[in-house]
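J.: Sequence:
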Amino acid sequence: MRRRALLGGGLLAALGASALYVERDSIAGLFPHEAHVDLFSLGVAFSSVPDSLASEVQAHGPASVLHAGCIPGVDRTFVQPDSPPIIAGTRTLSTAHGAETLTAITRAFLEKASRPAPTPALTNLDRSALLDIFTLTWALPSPIAALSPNWRYTWPRDTAHVIVALAERGFDDWSLGLLEHLARIQRPDGTFEARYRPGTTSAPDARSPQFDGIGWFLWAAATLARLGVLTSDASPATSLPTLRTALTRAARAALDATTTESGLPKPSPDYWEVPERRLTLATAAMTLSALGSAAQLSALGLLEGEAGVGKETLERRARETERALVETFGPGAFQRYARGGGFDAGLLMLLPPYQTQEFAERNPAIAGHIDEAFEAMQRPAGGVAPGARWKRDGISWTPQTAMFAQAYARLGERERALELLEWLAAHRTSAGAISEKILADGSPAAVAPLSWPAALALSTLEALHS
185 MRRRALLGGG LLAALGASAL YVERDSIAGL FPHEAHVDLF SLGVAFSSVP DSLASEVQAH
245 GPASVLHAGC IPGVDRTFVQ PDSPPIIAGT RTLSTAHGAE TLTAITRAFL EKASRPAPTP
305 ALTNLDRSAL LDIFTLTWAL PSPIAALSPN WRYTWPRDTA HVIVALAERG FDDWSLGLLE
365 HLARIQRPDG TFEARYRPGT TSAPDARSPQ FDGIGWFLWA AATLARLGVL TSDASPATSL
425 PTLRTALTRA ARAALDATTT ESGLPKPSPD YWEVPERRLT LATAAMTLSA LGSAAQLSAL
485 GLLEGEAGVG KETLERRARE TERALVETFG PGAFQRYARG GGFDAGLLML LPPYQTQEFA
545 ERNPAIAGHI DEAFEAMQRP AGGVAPGARW KRDGISWTPQ TAMFAQAYAR LGERERALEL
605 LEWLAAHRTS AGAISEKILA DGSPAAVAPL SWPAALALST LEALHS
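Per our numbering, the very first residue in the sequence shown carries number 185; after that it's consecutive.
Worth flagging that the hints you see were computed from the coordinates, not collected in a lab. Don't be surprised by glycine CBs; every beta carbon is placed ideally from N, CA and C. A few of these clues could be false.
What the hints assert, rightly or not - Computed beta-carbon distance windows for the label pairs: (1) Gln264 with Pro300: 31 to 37 Å; (2) Asn308 with Glu504: 45 to 51 Å; (3) Gly273 with Thr303: 17 to 23 Å; (4) Glu490 with Lys450: 26 to 32 Å; (5) Glu490 with Gln264: 41 to 47 Å; (6) Thr385 with Glu284: 33 to 39 Å; (7) Ala305 with Ser239: 51 to 57 Å.
Based on the sequences and whatever the hints tell you, model everything.
T.: Encoded structure:
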């Protein structure tokens, strides 16, 4: 599908036709100190399930336990070079207790979730990304980013993307249950901690809350509404006070945060997860997303109307915030900060699916910077860093690379999206997992799998399929 059909001629002219990739030799000299990071594991695999689960599967079928919440006794472990073989088409060790049960459950999951992709490599990526999410979500108290200790937590941002990916593949009850979990762990003021201990409301450390969490939460909820999970008064959400209250609190937090003189929220840590003294584009973008998403939810009767967060109020504030954001960040080409800082993934948060197509059409200059941003953020292996002024260590990060793929797909740049998906597919571990980082020489590094890029890959493939 042509970009013009999606977004109109303004964006078509703005994007241009610059090449997606810069030759490695032309940028390698920019990274004289190419860092090495170990690959912590080849992946994660199930190693045991309780006998009671086998009985339930035998009685009701494997699909009956796909969204059962926490199941004690389901164990998973790291896959290392000397690990027992993995059963083909699964992430189950051949030596696992209950291997037959695990295989049946996994195949039931894949049978429902898998989609055909444009190439064999991408069909394989689709299945492996599904398995990445499955091993980091199923039977756990809440989704975790990765199994390695410092990542074995629930990030609202990562969970929001998992919620959307599962909903897009038809798991309505499962995705709704995960959204309800975010509602339960929300802070009283409507915001979220940066991360949580799985299944709890407690943060593992003293890092500051991230204000963008309200945006991820409301965006996920609005996406479920668009997909038909939360759309009417008969929706399950209307009978779940915790979820409705949490959505309303998040909407109220977005309104309160934009009553400032600038019309934009105060500085907050964002996906870089470092303290900030200046407002970042990512935080501003996800605040705007929060307001727009909340307006959609209010129109569907999914917020508590008496709380002063009606559709008209939210739409008016969204327009005001949009104007303030464009006036503040536009003169600097929508870089990380209003006065520079280089391009980063905050630019992508100003594009669909986080913002509406109408917003993109009103502001074609944003999409007009996407190729420039990719080139500025690109690293020697072909992916991108979290930002153009991130560490000059030569390392590509899969979450931000996958975000570019998603943005290109949503803008109608099909071939560019496919190129990046093929890149992700080619740089998985030997066990098929998407790692967090890719070294300058193309080697996977750090944790594997990581739920955020896996979910982004799935949503991108879904967008291309649709």
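J.: Just pull the numbers of the violated hints for me, sorted ascending.
T.: 5, 7
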